[in-house]
Amino acid sequence: MSTATAPLDIQKIRADFPTLTTPFHGKPVVYLDSAVSSLTPLPVIERMAHYQSFEHTNVHRGVSTLSQEATDRFEEAREKVRALINAPSVKQIIWTRGTTESINLVAQTFGRQNVHEGDEILLSAMEHHSDIVPWQLLAEDRGAKIRVIPMNDAGELILDGLDDLITERTKIVGVTHVSNVLGTINPVKEIIRRAHAKGVPVLVDGAQGVPHLKVDVVDLDADFYVFSGHKLSGPTGIGVLYGRKSLLEAMPPWHGGGSMILSVTWEGTTFAAIPGKFEAGTPPIAQAIGLGAAIDYVQAIGLDRIAAHEHDLLLYATERLKAIPGLRIIGEAREKASVLSFVLEGIHPHDIGSILDHAGVVVRAGHHCAQPVMTRFGIPATTRASFAYFNTRADVDALVSGILNVQEIFQ
Amino acid sequence: MSDPRELYQQVIIEHNKKPRNFGDLEPCTHHAHGLNPLCGDDIVLKLVVEDGLVQDIRFTGHGCAISKASSSLMTVNVKGKPVADAEVLVEQFRAMIRGALDTATDPNVLGRLSLFQGVRDLPSRVKCAVLPWATLHSALHGEDIVSTE
Numbered sequence: 001m002s003t004a005t006a007p008l009d010i011q012k013i014r015a016d017f018p019t020l021t022t023p024f025h026g027k028p029v030v031y032l033d034s035a036v037s038s039l040t041p042l043p044v045i046e047r048m049a050h051y052q053s054f055e056h057t058n059v060h061r062g063v064s065t066l067s068q069e070a071t072d073r074f075e076e077a078r079e080k081v082r083a084l085i086n087a088p089s090v091k092q093i094i095w096t097r098g099t100t101e102s103i104n105l106v107a108q109t110f111g112r113q114n115v116h117e118g119d120e121i122l123l124s125a126m127e128h129h130s131d132i133v134p135w136q137l138l139a140e141d142r143g144a145k146i147r148v149i150p151m152n153d154a155g156e157l158i159l160d161g162l163d164d165l166i167t168e169r170t171k172i173v174g175v176t177h178v179s180n181v182l183g184t185i186n187p188v189k190e191i192i193r194r195a196h197a198k199g200v201p202v203l204v205d206g207a208q209g210v211p212h213l214k215v216d217v218v219d220l221d222a223d224f225y226v227f228s229g230h231k232l233s234g235p236t237g238i239g240v241l242y243g244r245k246s247l248l249e250a251m252p253p254w255h256g257g258g259s260m261i262l263s264v265t266w267e268g269t270t271f272a273a274i275p276g277k278f279e280a281g282t283p284p285i286a287q288a289i290g291l292g293a294a295i296d297y298v299q300a301i302g303l304d305r306i307a308a309h310e311h312d313l314l315l316y317a318t319e320r321l322k323a324i325p326g327l328r329i330i331g332e333a334r335e336k337a338s339v340l341s342f343v344l345e346g347i348h349p350h351d352i353g354s355i356l357d358h359a360g361v362v363v364r365a366g367h368h369c370a371q372p373v374m375t376r377f378g379i380p381a382t383t384r385a386s387f388a389y390f391n392t393r394a395d396v397d398a399l400v401s402g403i404l405n406v407q408e409i410f411q
Numbered sequence: 001m002s003d004p005r006e007l008y009q010q011v012i013i014e015h016n017k018k019p020r021n022f023g024d025l026e027p028c029t030h031h032a033h034g035l036n037p038l039c040g041d042d043i044v045l046k047l048v049v050e051d052g053l054v055q056d057i058r059f060t061g062h063g064c065a066i067s068k069a070s071s072s073l074m075t076v077n078v079k080g081k082p083v084a085d086a087e088v089l090v091e092q093f094r095a096m097i098r099g100a101l102d103t104a105t106d107p108n109v110l111g112r113l114s115l116f117q118g119v120r121d122l123p124s125r126v127k128c129a130v131l132p133w134a135t136l137h138s139a140l141h142g143e144d145i146v147s148t149e
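Protein sequences, first through last, are from chains A and B.
Residue 1 is where the first sequence starts when you use this note's numbering, and the numbers rise one by one after that.
Residue 1 is where the second sequence starts when you use this note's numbering, and the numbers rise one by one after that.
If you're looking for bench data, these hints aren't it; they were derived computationally from the structure.
Some hints could be false.
One-sided and incomplete, this derived list gives chain A residues near chain B with beta-carbon spacing under 8 Å [said to hold, decoys possible]: (1) I355; (2) A381; (3) F410.
Simulated coverage check for chain B against chain A, where a stretch passes if three residues somewhere in it have a Cβ under 8 Å from a Cβ of chain A [to be verified]: (4) 43 to 52; (5) 100 to 107.
In this text, all values refer to a predicted model and were calculated from it rather than measured experimentally.
For every residue, glycine included, the Cβ atom is placed at its ideal position computed from N, Cα and C.
I would like the entire structure built from these sequences, with the hints used as guidance.
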């Protein structure tokens with residue numbers, strides 16, 4: 001067996017997560033909520049603590065050795081992100097607070113520059129609110145229209161009509177790489193190819209993509225690719241906007257302030273080159289370095305091995321959940337990441353979530369910030385289990401016995 | 001946290017399955033729409049108030065067992081009662097959920113509604129139990145929409 005596919009040393013990995021080794025309601029925690037936010041392993045926490053303890057000052061300011069070293073560590077993290085998604089240049093990696101801010105940045109710069117009255121923004125039916133609301137705000141401001149790529153009952157996008165949905169008025173397409181509710185892995189490369197055939201750029205929401213898939217923005221030919229640190233075993237407060245160089249250079253700045261300028265006079269300001277142009281003010285430095293450490297951590301385990309392990313858990317969980325009477329899985333796409341939503345007949349997801357919580361099983365119950373997906377499936381909410389590289393089949397078993405307990409209470 | 005079985009007692013489970021006074025009510029004299037945006041609980045409450053009495057009350061909407069059973073038991077408890085008594089129930093129910101009133105030791109008129117006292121120990125579910133009561137308060141005070149956020 002090659003090292004690329006060798007099984008993970010789960011017990012060694014689990015020891016890195018204080019949340020998993022500390023009793024919760026008197027029991028070991030079964031964390032099946034990585035899609036909402038991944039747990040942070042000790043090496044990432046320690047790296048941030050070390051930075052904050054010994055290396056911290058502001059970046060890109062002053063001539064002190066300390067400032068230069070802080071800047072070097074910060075920029076090394078940017079290089080780690082570049083390598084992770086195979087971006088051509090670190091200049092195309094812009095730090096943001098997260099996926100949501102990255103999309104808002106694009107909507108408010110590229111969008112305001114290019115979307116005008118009567119234009120269209122094309123989004124998929126399974127977008128998270130973060131890839132809907134920024135575009136609605138823009139559309140309202142501009143008198144533009146939102147159009148939607150539909151999906152089938154399995155939770156797969158229907159691409160038959162895509163070429164008709166992309167019109168001469170379409171200014172951008174927004175599509176999620178992996179659905180946070182359904183787990184569907186979308187054929188984004190194909191969507192990008194067809195959008196490009198009509199000269200339309202595509203933004204890919206990679207919040208759930210990067211944690212589960214090896215992402216290559218050049219191979220995808222993505223115009224924008226965005227994701228968050230805290231879903232990739234990093235901290236909150238840090239995210240990434242990757243953009244095509246020509247697009248980023250043509251876009252106006254978003255926030256004004258320090259760091260994003262070349263020179264400022266009362267007559268006006270000359271802006272810095274990318275990425276500085278989009279990074280006004282003091283950035284989240286420890287968080288960027290923490291995300292760099294998180295990338296090191298998951299790469300040391302191996303992205304292929306993580307994907308294989310998670311896929312195994314998904315198949316096992318799907319099989320076990322399907323055997324429960326009255327349980328319906330929401331999202332049965334052929335290509336899925338390890339996100340598993342379900343509903344139980346006659347029992348609301350919030351009741352399921354509360355009772356599972358008492359058993360130490362942490363899941364998400366609700367609309368998952370994707371209300372149009374709930375509407376599409378005619379349900380108010382789902383319960384969602386999401387699996388990460390530190391989860392085991394025993395965690396799936398705990399979920400199953402928790403669900404059976406819920407059904408017993410509700411008999 | 002206490003065992004969820006203490007909260008999910010038979011009465012709550014039963015009212016969730018077969019909610020009382022569930023359905024539309026027209027014409028009505030008072031109405032309000034209650035929303036819990038975080039979890040999507042959604043209730044429309046309609047009342048007929050005449051001569052200071054809640055002559056009729058019905059609710060529609062969807063939510064978890066706690067919000068549904070709370071709505072159902074609320075309607076049972078205020079139907080036929082003077083508005084002033086309904087207001088006292090609203091106040092005492094909210095105090096119980098906040099932990100400001102202990103039904104075992106403090107004087108109260110909550111009766112079977114004390115079943116919901118366990119919600120105190122489930123902070124994430126407090127809004128589910130309170131939503132119908134907040135909606136009733138709004139309906140009686142002529143506010144159309146109430147949100148627990």
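Results of checking the hints against the structure:
no.	hint	result
1	I355	holds (5 Å)
2	A381	holds (6 Å)
3	F410	holds (6 Å)
4	43 to 52	violated (count 0)
5	100 to 107	violated (count 0)
Of the hints listed earlier, those the structure fails to meet are numbers 4, 5, in rising order.
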